[in-house]
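> Each chain is listed here by its residues.
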Amino acid sequence: MTNLDQTPLLSVEALNKSFGRQAACRDVSFELWPGEVLGIVGESGSGKSTLLNAIAGRLSVDSGKVLYRTGGNDIIDLAAASEAQRRHLMRTEWGFVQQHARDGLRMTFSAGANIGERLMALGQKHYGSLRDTALDWLQAVEIAPDRIDDLPRTFSGGMQQRLQIARNLVTRPRIVLMDEPTGGLDVSVQARLLDLIRRLVQEHNVACIVVTHDLGVARLLAHRLMVMRRGQVVEAGLTDQLLDDPQHAYTQLLVSSVLSV
Amino acid sequence: MSVQQNYRTGATLAGYNFAFLDEQTKRMLRRAILKAVAIPGYQVPFGSREMPLPYGWGTGGMQVTAAVIGSKDVLKVIDQGADDTTNAVSIRRFFVRMTNVATTEKTRAATLIQTRHRVPEIPLSEGQILVYQVPIPEPLRWLEPRETETRKMHALSEYGVMHVKLYEDIAQHGHISTAYDYPVVVNGRYLMRCSPIPKFDTPKLNMNPALQLFGAGREKRIYAVPPYTEVKPLDFEDHPFEVERWPESCALCGAGDSFLDEVILDDKGSRMFVCSDTDYCGERREAGHTGRMSAPYKAEAAE
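In order, the protein sequence lines correspond to chains A and B.
Residue 165 in our numbering sits at position 165 of the first sequence, with consecutive numbering throughout.
Residue 280 in our numbering sits at position 280 of the second sequence, with consecutive numbering throughout.
Simulated from the structure, these hints should not be mistaken for lab results.
Some clues are possibly wrong.
To be verified - Pairs of lysine to aspartate or glutamate residues, derived as DMTMM-like cross-links and limited to a Cα-Cα distance of at most 20 Å, are as follows:
#1 A/K125 with B/E242
#2 A/K125 with B/E158
#3 B/K204 with B/D235
#4 B/K152 with A/E83
#5 A/K125 with B/D169
#6 A/K125 with B/E237
#7 A/K125 with A/D136
#8 A/K125 with A/D149
#9 A/K125 with B/D238
#10 B/K72 with B/E105
#11 A/K125 with B/D235
#12 B/K35 with B/E219
#13 B/K220 with B/D181
Said to hold, decoys possible - Between beta-carbon pairs, the in silico distance windows are:
#14 A/R199 with B/G174: 31 to 41 Å
#15 B/E23 with A/S82: 34 to 44 Å
#16 B/E23 with A/K65: 53 to 63 Å
#17 B/G56 with A/S82: 37 to 47 Å
#18 A/S82 with B/L34: 24 to 34 Å
#19 B/G188 with A/S82: 14 to 24 Å
#20 B/E237 with A/H248: 49 to 59 Å
#21 A/H248 with B/R218: 53 to 63 Å
#22 A/Q252 with B/Q172: 54 to 64 Å
Glycine included, each C-beta is placed from N, C-alpha and C at the ideal position.
So here's chain B without its partners, still in its complex pose:
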């Protein structure tokens, strides 16, 4: 049977187990995930497998997804908020071939969402699982190169040095300039890297009803934020945590409450800001919202 036929007939690829990984590997992953959920924010080591994708392209997230996916799941894959970028498309296609599950671009319809670098704008609900792809799980890595030492620091909650980094931000730039991968304390105990999501998304982790799982393939670590867990960003009393703001709202849907990408339009300095979450932007446009640049196009179409 060729791959193409498989795709059409709905059977998964011959010779491969459901969701690519063998059952023993999935069992090992699930044990690591259970431990991670039991100790929020704690990095659980696991035996990372080689995936048909290079390290750094989401192998950790894919292994976590493969371990938790079931045949009735509805999968959504996003990359920088978009459903149609290379990484998202290839990972979604991989899981369709390997599991034949239904896929969606709708945040509300998905039961399982694998993400790279964003949390969807539409609030998640109970029963949903959000899987993050993590490049470097250790928040103390650039401050302390020794793994033995960082583990000790986690064990003894010695997190003062993380504030040294934020101090340095303010000293050099006048404000906390860390814009992504913002350090947070989970459940009042473990310091955690929330993968390279913009700090705009950091507050969404707090008390989220969905289960959030983090997988780092190259670094061989899994960690988790269970539903309704407190996630607190680090800050100073006189320099509180703040999220980014934009001078404009989305040029297509007019949203003023979403994370915006800046798009350069020509070499004369014109630019537009547009929602990074394509599903959110699309849903708003369907509902009739318009932005600065969408109105004239619609008018043209009507003529």
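Okay, chain A solo, but in the shape it has when bound:
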């Protein structure tokens, strides 16, 4: 990790979100520093995805703060920010990689158009340079450049996921949120995708929050881990430390339940 500044990029303070009587996130607080990859693990229904969606502004929060330090070094509370401001940040300084690539891609538009969309939304209106950028990014995510005019539905699952990552990284975001980025992919494709994400995260120095239920993915990607259960963070710490020496009973259970071959 490099470029650690004095203030965190994102700090979440006492975030609460419930659906009726069901509390999905209870008093969640954490900080994210530039260039850091934070993993959120836990069983299904533990509130991981709700937390991610709440941070991204896709869900309104009941209480708490989501303080983000922008590129211009202003601190804004995303939970209270205007929708216009939030949507602008989501298109520029933030990225969101969905579990299912088809939720994050425009399936009826070619790969090149998918990569160029964020740039066009920012007002780039030169076809030639949009295309050059798209070619560069296809290369960066290991997709053959001659697939630039093909529709994402002609791509394999792994390629779609890589295209989605390229589409998000094209504006050089400072934070990328990933919801189970390797879910539903077979093991060899998963490994390749993990390598790619690790490389891109390092090259572009983006901070990531990766939600996963797969401890192997967490071990490979994350610098730091947060274990969630029933909407609460039960344990947090450096990945290796936490997985090698789990303190909380639930983390111990989680670690011991991983199948080893």
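Using the hints provided, position chain B relative to the given structure of chain A.
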């Protein structure tokens, strides 16, 4: 009294209000139109009424026309540029029965023009009103199916995705292949669909001295381009907006500056190009202009 008698005597049909709609409905429509004029390009919702015509046949345009027509108006109705096609004839007849206004085929003589899919070739002037029939008012519809989301996108001017569509055109066809209903930005603010007019007509919307009103009956939206408003088609820096061109000029009047329809003449591949605007073509022929196929006919007639 029968309909036919009415038609002759000049009185409007008994039992119907002037211009078919009741006064409260017209009031509601006029309020929507005023709002639309105040916010150029913004789609104003209105309570669309059932018209004696199926949706998709110009019910939106008819309601707008009914709301603005007065007894002294001179009405012209065109469909694809022609005054004598089914849709134009039936709508014109409807308004004659319901208002007994004078009608014309001359663009210059009309005060109110309802149109489907064309802007007249003869430039409009101040004081004229052009009413468009609009099937789908939302330019972002095929890119974003949710109405709540498209409204938000309009509110926040998030129009980047429209360029994605034009990008896709170039990527697949080598040029912007969108040929009609070309996306435009009105007054530097709202993205607008200019109804399915060919892109040949799109530049005519810009800084037009006439008032342009758009009515979508099924979708229940009215929008407007007030006189002398900037209307800018979207494009790329290296792929600028261009209008269609034809290999020939009009076969009847020889016009090289009008929108031409291609007419297949036989099964051996012969064809002719002819002005889609019948009034414009007729006016030119009256003035003595001839085209590739009009000359021999005239010669025959002279013999």
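> Taking the hints in turn, state whether each one holds.
Here's how the hints hold up against the structure:
1. A/K125 with B/E242: Cα-Cα ~16 Å, so holds.
2. A/K125 with B/E158: Holds: A/K125 and B/E158 sit about 14 Å apart, inside 20 Å.
3. B/K204 with B/D235: Holds. B/K204 to B/D235 sits at ~17 Å (cutoff 20 Å).
4. B/K152 with A/E83: holds, 10 Å
5. A/K125 with B/D169: holds, 14 Å
6. A/K125 with B/E237: holds, 6 Å
7. A/K125 with A/D136: holds, 18 Å
8. A/K125 with A/D149: holds, 18 Å
9. A/K125 with B/D238: Measuring from Cα to Cα gives roughly 8 Å; hence the hint holds.
10. B/K72 with B/E105: holds, 16 Å
11. A/K125 with B/D235: Holds. A/K125 to B/D235 sits at ~8 Å (cutoff 20 Å).
12. B/K35 with B/E219: holds, 17 Å
13. B/K220 with B/D181: holds, 18 Å
14. A/R199 with B/G174: 31 to 41 Å: Distance hint for A/R199, B/G174 holds at roughly 35 Å.
15. B/E23 with A/S82: 34 to 44 Å: This hint holds: roughly 42 Å between Cβ atoms.
16. B/E23 with A/K65: 53 to 63 Å: Taking Cβ atoms as reference, B/E23 and A/K65 lie about 55 Å apart, which means the hint holds.
17. B/G56 with A/S82: 37 to 47 Å: Since the Cβ atoms of B/G56 and A/S82 sit about 39 Å apart, the hinted range of 37 to 47 Å holds.
18. A/S82 with B/L34: 24 to 34 Å: holds, 29 Å
19. B/G188 with A/S82: 14 to 24 Å: Holds: the Cβ-Cβ distance is about 22 Å, inside 14 to 24 Å.
20. B/E237 with A/H248: 49 to 59 Å: Given range 49 to 59 Å: holds, Cβ gap about 57 Å.
21. A/H248 with B/R218: 53 to 63 Å: About 60 Å separates the Cβ atoms of A/H248 and B/R218, which means 53 to 63 Å holds.
22. A/Q252 with B/Q172: 54 to 64 Å: With Cβ atoms ~56 Å apart, the hint holds.
Hint compliance for this structure: every hint is met.
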